[in-house]
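Produce the entire structure from the sequences given, and follow the hints as far as they go.
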Amino acid sequence: GAVVSQHPSWVICKSGTSVKIECRSLDFQATTMFWYRQFPKQSLMLMATSNEGSKATYEQGVEKDKFLINHASLTLSTLTVTSAHPEDSSVYICRARGGGRTSYEQYFGPGTRLTVT
Amino acid sequence: AQTVTQSQPEMSVQEAETVTLSCTYDTSESNYYLFWYKQPPSRQMILVIRQEAYKQQNATENRFSVNFQKAAKSFSLKISDSQLGDTAMYFCAPRELTGTASKLTFGTGTRLQVTL
Numbered sequence: 238g239a240v241v242s243q244h245p246s247w248v249i250c251k252s253g254t255s256v257k258i259e260c261r262s263l264d265f266q267a268t269t270m271f272w273y274r275q276f277p278k279q280s281l282m283l284m285a286t287s288n289e290g291s292k293a294t295y296e297q298g299v300e301k302d303k304f305l306i307n308h309a310s311l312t313l314s315t316l317t318v319t320s321a322h323p324e325d326s327s328v329y330i331c332r333a334r335g336g337g338r339t340s341y342e343q344y345f346g347p348g349t350r351l352t353v354t
Numbered sequence: 003a004q005t006v007t008q009s010q011p012e013m014s015v016q017e018a019e020t021v022t023l024s025c026t027y028d029t030s031e032s033n034y035y036l037f038w039y040k041q042p043p044s045r046q047m048i049l050v051i052r053q054e055a056y057k058q059q060n061a062t063e064n065r066f067s068v069n070f071q072k073a074a075k076s077f078s079l080k081i082s083d084s085q086l087g088d089t090a091m092y093f094c095a096p097r098e099l100t101g102t103a104s105k106l107t108f109g110t111g112t113r114l115q116v117t118l
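Chains as they are written, first to last, in the working numbering: chain X, 238 to 354; chain P, 3 to 118.
None of these hints come from the bench; they were simulated from the model.
Incorrect hints may have been included.
Derived SDA-like pairs (lysine to any residue); straight-line CA-CA distance at most 25 Å [said to hold, decoys possible]: (1) Lys278/X / Thr110/P; (2) Lys278/X / Ile48/P; (3) Lys292/X / Arg97/P; (4) Lys105/P / Leu313/X; (5) Lys278/X / Pro42/P; (6) Lys278/X / Lys80/P; (7) Lys303/X / Asp264/X; (8) Lys105/P / Arg261/X; (9) Lys105/P / Ser326/X; (10) Lys105/P / Thr315/X; (11) Lys278/X / Leu118/P; (12) Lys105/P / Phe276/X; (13) Lys105/P / Thr269/X; (14) Lys278/X / Ser9/P; (15) Lys105/P / Asp325/X; (16) Lys105/P / Tyr56/P; (17) Lys278/X / Val15/P; (18) Lys251/X / Arg45/P; (19) Lys303/X / Trp247/X; (20) Lys105/P / Glu63/P; (21) Lys278/X / Gln115/P; (22) Lys105/P / Gln266/X; (23) Lys57/P / Leu311/X; (24) Lys105/P / Val328/X; (25) Lys75/P / Thr22/P; (26) Lys292/X / Glu98/P; (27) Lys278/X / Ser14/P; (28) Lys278/X / Gln46/P; (29) Lys278/X / Asp88/P; (30) Lys105/P / Thr317/X; (31) Lys278/X / Thr117/P; (32) Lys278/X / Leu49/P; (33) Lys105/P / Ala73/P; (34) Lys105/P / Lys251/X; (35) Lys105/P / Leu283/X; (36) Lys301/X / Pro347/X; (37) Lys278/X / Glu17/P.
Structure (structure tokens):
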């Protein structure tokens with residue numbers, strides 16, 4: 238099956254710094270990427286949806302200037318948490334959807350655990 | 003789908019027994035997909051089973067099957083012959099088909115513990 242990777246899997250940063258998280262589709266072209274955050278023992282909450290080559294669409298309540306999403310290629314999307322604060326500590330999970338024959342399928346990355354100190 | 007309710011935050015089942023996880027949802031769409039995902043401690047979301055809303059026949063996938071009641075907007079997951087590897091968080095997730103966003107809405111999850 239298709240594989241989606243995330244890098245890094247775990248990151249610790251100091252408050253006020255920025256962190257970039259990568260999401261890659263390894264064996265298919267991801268026309269759409271979705272970014273979620275998951276707090277401990279909670280569900281996944283959609284943050285934004287991005288289509289390759291266009292601006293991301295953010296969910297209500299998600300600050301687009303704080304969570305910068307770039308989907309510059311069909312295999313890579315990045316989420317940058319700018320000026321991170323402890324309340325941004327969470328697991329960030331991407332989901333990728335391919336086009337064509339793979340559009341029916343949806344594949345998740347393994348998540349990136351962000352801890353802001 | 004606007005809301006997805008999984009009324010059982012935690013469940014426990016003995017190995018080889020059967021367990022049913024419940025899910026109800028709210029949608030104004032007539033056609034959509036329904037999914038159950040499993041999230042083990044590794045955090046990797048794994049698709050367990052999917053159901054197309056236009057199909058009356060309940061989906062089955064080996065030991066996993068669903069009871070889909072469209073009128074009641076209910077989508078329960080039955081796990082037969084439970085195995086230790088089934089221990090995980092389970093999320094119910096409807097996916098509407100309108101627009102191109104293809105958004106999944108996740109329920110609050112049910113933590114399943116399979117015991118010896």
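Hints breached by this structure: 7, 23, 34
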